[in-house]
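Engineer: Chain by chain, the residues:
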Amino acid sequence: MKAKVYVTIKQNVLDPQGSAVQGALHSMGFDEVGKVRIGKFLELNLSTSDRTEAEARLTAMCEKLLANTVIEDYRFELEG
Amino acid sequence: MKFAVLVFPGSNCDIDCYKAVEDTIGQSVDYVWHTATDLSAYDAILVPGGFSYGDYLRCGAIARFAPVMSEVVKAAEQGKFILGICNGFQILTEAGLLPGALRRNNGMKFICAQTQLEVVNNTSAFTGEYNKGEIIDIPIAHGEGNYYCDEETLAQLKKNNQIVFRYAGDTNPNGSIENIAGICNERGNVVGMMPHPERAVDEILGSADGKRMFTSILNAWREQHGAAVNG
Chain L
514 MKAKVYVTIK QNVLDPQGSA VQGALHSMGF DEVGKVRIGK FLELNLSTSD
564 RTEAEARLTA MCEKLLANTV IEDYRFELEG
Chain G
39 MKFAVLVFPG SNCDIDCYKA VEDTIGQSVD YVWHTATDLS AYDAILVPGG
89 FSYGDYLRCG AIARFAPVMS EVVKAAEQGK FILGICNGFQ ILTEAGLLPG
139 ALRRNNGMKF ICAQTQLEVV NNTSAFTGEY NKGEIIDIPI AHGEGNYYCD
189 EETLAQLKKN NQIVFRYAGD TNPNGSIENI AGICNERGNV VGMMPHPERA
239 VDEILGSADG KRMFTSILNA WREQHGAAVN G
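Chain order of the listed sequences is L and G.
All residue numbers for the first sequence refer to this note's numbering, where the first residue is 514 and numbers rise by one.
All residue numbers for the second sequence refer to this note's numbering, where the first residue is 39 and numbers rise by one.
Quick caveat, the hints were computed from the structure, so don't treat them as lab data.
Careful: at least some of the hints might be erroneous.
[Stated by the list, open to error] In silico lysine-lysine, DSSO-like type, Cα no more than 27 angstroms apart, as pairs: (1) Lys197/G <-> Lys523/L; (2) Lys523/L <-> Lys196/G; (3) Lys577/L <-> Lys118/G; (4) Lys118/G <-> Lys57/G; (5) Lys523/L <-> Lys147/G; (6) Lys548/L <-> Lys523/L; (7) Lys577/L <-> Lys517/L; (8) Lys249/G <-> Lys40/G.
Quick caveat, the model's predicted, so the values are computed rather than measured.
Work out the full structure, taking the sequences as your base and the hints as a guide.
Structural biologist: As structure tokens, this is what we get:
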């Protein structure tokens, strides 16, 4: 089973990288761009076929290591 | 008094910390590798700066699960003195020993510069030798020192006098909330700070203002153990 994990800075926490990219896009003429948020994308191959178990284990992985929940949110998708 | 300087793969201020202990207070000090599983011999633990595990994923995120860290948690519970500097501060927040998190500097740049710090709390074991409100000259060297915590946590920090250092005046280099440069836990035995006191222990380094952090720790330990206190 394959998991895709998305980690993003919380909405109420300033994302300096996103702000810098937003500024660059504006200076290039892409004026329609509003807020930009930069995050992380992780792909994990899991040796399990039990979806419920995989979800529980992934939640634990995100809470413990993959995201810092003080400043980041996470979500994941399971495939296969 | 016995000091441990933790060493992770990627630590690069471990030698500075070791030398600072030797040169300022002349106490026993050992390097302790991240795989160590016993810190019971030590009275103080320094978690040095650097780029543990290459800052992969997040600064300090992987170091926080090194075997030695469960010993650091134990030592914190026992009331031993723990000082995290720069990456060490990041590791201590990731480990949950200190509240909040360190974000990317708001100007995106890695900043290596002297900074002026205001000593906000001089009642901690680490700052007893300073005067409250004193401005000291300590360098920073970080790309991710932009301290953040939610409002509830900030109120707690203020209520419990846990803000130890602030960047003085309008000199906030990284965007940290309330100009916070260093904090301690509620009990006061764990301190984390982005600036590097170990790089400011002699005038030849540009400042000797960091020296008193080390003499403060020694005095606090001596007071605990009924030994003579340095004037």
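Engineer: Looking at the structure, which of the earlier hints fail to hold?
Structural biologist: none
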